[in-house]
Amino acid sequence: MSAISHHVPDAMLAAYAAGNLPHAFAVTVASHVSLCGQCRVALGAHQAVGGAVLEDTPVVAVSSSLKDDIFAQLDAPFTPEPVHERNGIFPGPVMEALKGREPQWKTLGMGVRQDILSADTNGSVRLLYIPPGQAVPDHSHNGLELTLVLQGSFSDETGRFGVGDLEIADEHLEHTPVADDGAPCICLAATDARLRFRALVPRLLQPLFRI
Amino acid sequence: MITQILDSPYAARRSNVVQTHERMPVPKSNTEISQQTRWMIAVRDNRDRNAFAALFDHFAPRLKGFIIRAGASAHQAEEIVQDVMLTIWRKAAQFDPHRAQVSAWVYQIARNRQIDIARKENRPTPEELKEEPGTEPDASQILGLEQEARQLRQALAALKPEQREIIEQAYLGELTHQEISAQTGLPLGTIKSRIRLGLERLRHELKDLKQ
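If you read the sequences in order, they're chains A and B.
Per my numbering: the first sequence = residues 2 to 212.
Per my numbering: the second sequence = residues 893 to 1103.
Derived by calculation from the structure, the hints in this document are not laboratory data.
Nothing here was measured: the structure is a model prediction, and the numbers come from that model.
Even glycine gets a Cβ: it sits at the ideal position worked out from N, Cα and C.
All clues given are correct.
Calculated lysine-lysine pairs in the DSS-like style (CA-CA distance at most 30 Å, straight line):
| # | chain 1 | residue 1 | chain 2 | residue 2 |
| --- | --- | --- | --- | --- |
| 1 | B | K1022 | B | K983 |
| 2 | B | K1012 | A | K107 |
| 3 | A | K100 | B | K983 |
| 4 | A | K100 | B | K1022 |
| 5 | B | K1012 | A | K68 |
Heads up, incomplete: computed chain B residues facing chain A, CB under 10 Å, no partners named:
| # | residue |
| --- | --- |
| 6 | M977 |
| 7 | A992 |
| 8 | N1004 |
| 9 | A1047 |
Here are a few chain A residues that face chain B, going by a calculated C-beta distance under 8 Å:
| # | residue |
| --- | --- |
| 10 | A15 |
| 11 | A16 |
| 12 | G20 |
| 13 | G45 |
| 14 | G52 |
| 15 | L55 |
| 16 | K68 |
| 17 | D70 |
| 18 | R87 |
Please put together the full structure from these sequences, using the hints given.
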C-alpha cells in the first residue's frame, strides 16, 4: 500500500472532533481517517484536548433522579445501530452514506460518472468515477472542495493524489484534475457549495445535474 | 512555548518506553493507572455497576455543565447526559485504554450525541479499529497515554485566559475550521507534540504487527 501523503489539516480535524464540520465534509474526513493511521492518531490528540476541556468544565448538579433513571435502563434490551463495514474500496463511512448499497452511477458524459450520496443547502457529497486519462471538467469553486481518492489516482496543477490522499481546493484554485493511467479513478468529493463546471455542463443545466 | 513544556522531559521518557516496551501486568495500586480508567475497564470487562456509578458521579455533572455550555437547555442537557451515560455502558466494549483516555472517549461520545440530536442525523464516524481478542493490557502504554493527558491539562491550565477561551470554544464546537485555522498557532501548537508521540506509538505498533 502506497503511503498517504495528503492529509486532513489540523484545524479541520479539530472542527471534526468538535462536530462542527458540514455533513459532506464530515463524511469525507471520517473516510480519510478510516484509511489513514496518521490522521487517526491526530484525531485522538484532538479528542484528548476535548477530554481535557470536559474534565475542567465547571460542574452543574444533575437532578436527584437521573442516576436511578439511568440504572433502570441498563438491562433494557438494546439494538445497536447497524455498523457499515468497509466494502472493497469503500470505507465504512462511505458505505454508511451509500446505506449499504452498491453505487448507482449516473453518466455525466466523457465517461465520467457520479453517484450523489447527499446534497442539501449546506453542500453535497458524491462519488466520482473518472476513466484513465480523462480530465474532471475544468471547474472552480464557490466554497471549499474536498476530494478523497478511493481507487486509482489523479494529478493536477498541485500534485499527484493516490488512494487515501485528500485534496483540499478553495475558491482560489482553478485546477484540472486528470485521472492517471491504470485503474479508473474513483473519488469521494464533497463541497460546501455548488461547483461551477465550465466545460462539461452549461451552468443553466447545473440544477438538473445537481453539480 | 507550550510545545516546549510538553516536549522536553516527556519525550525522553516516552522514547525509553518505546525502546524497552515490556508487557507489564496492570498494577493494582491506585497510584498507577487512574481510577477513571480502572472504572471503565471494570465496566467493559465485568459490567461492574459500582464502577459505572463512580463514572456517573464523576462525569454526569461535568457533562451537564459542558453540554449547557455548548448551547443546550438544562432540561435538554440532562437528556443528553442520560444518553451519553447509557452509550458509555452499551459501547464499553469499544473503549481501548491504549488508544484513548476515558475523558477523550467520553468527550467524543458527548459531542456526537449532542450533534445527532441537534441535526437529527447520525454523525459520520471513522471505522473502529478492532483489538485482537484477548490482548493483554499494556500498562506502560496506558500510563504513557494518561501521562500525556495530565501534561496536556497542565499546559491548558497554564494558558492565558483568553487563549484558553479559544480552545474551549473550538472544542465545544463554536468555531468553524476556518475560524480555528485563523487562530494562529494556538490550539494546534499545543497538541503538536502529542500527535508526534502518538505517531511514534503507532509506528511501534505497526512494527510489532510485522514481527
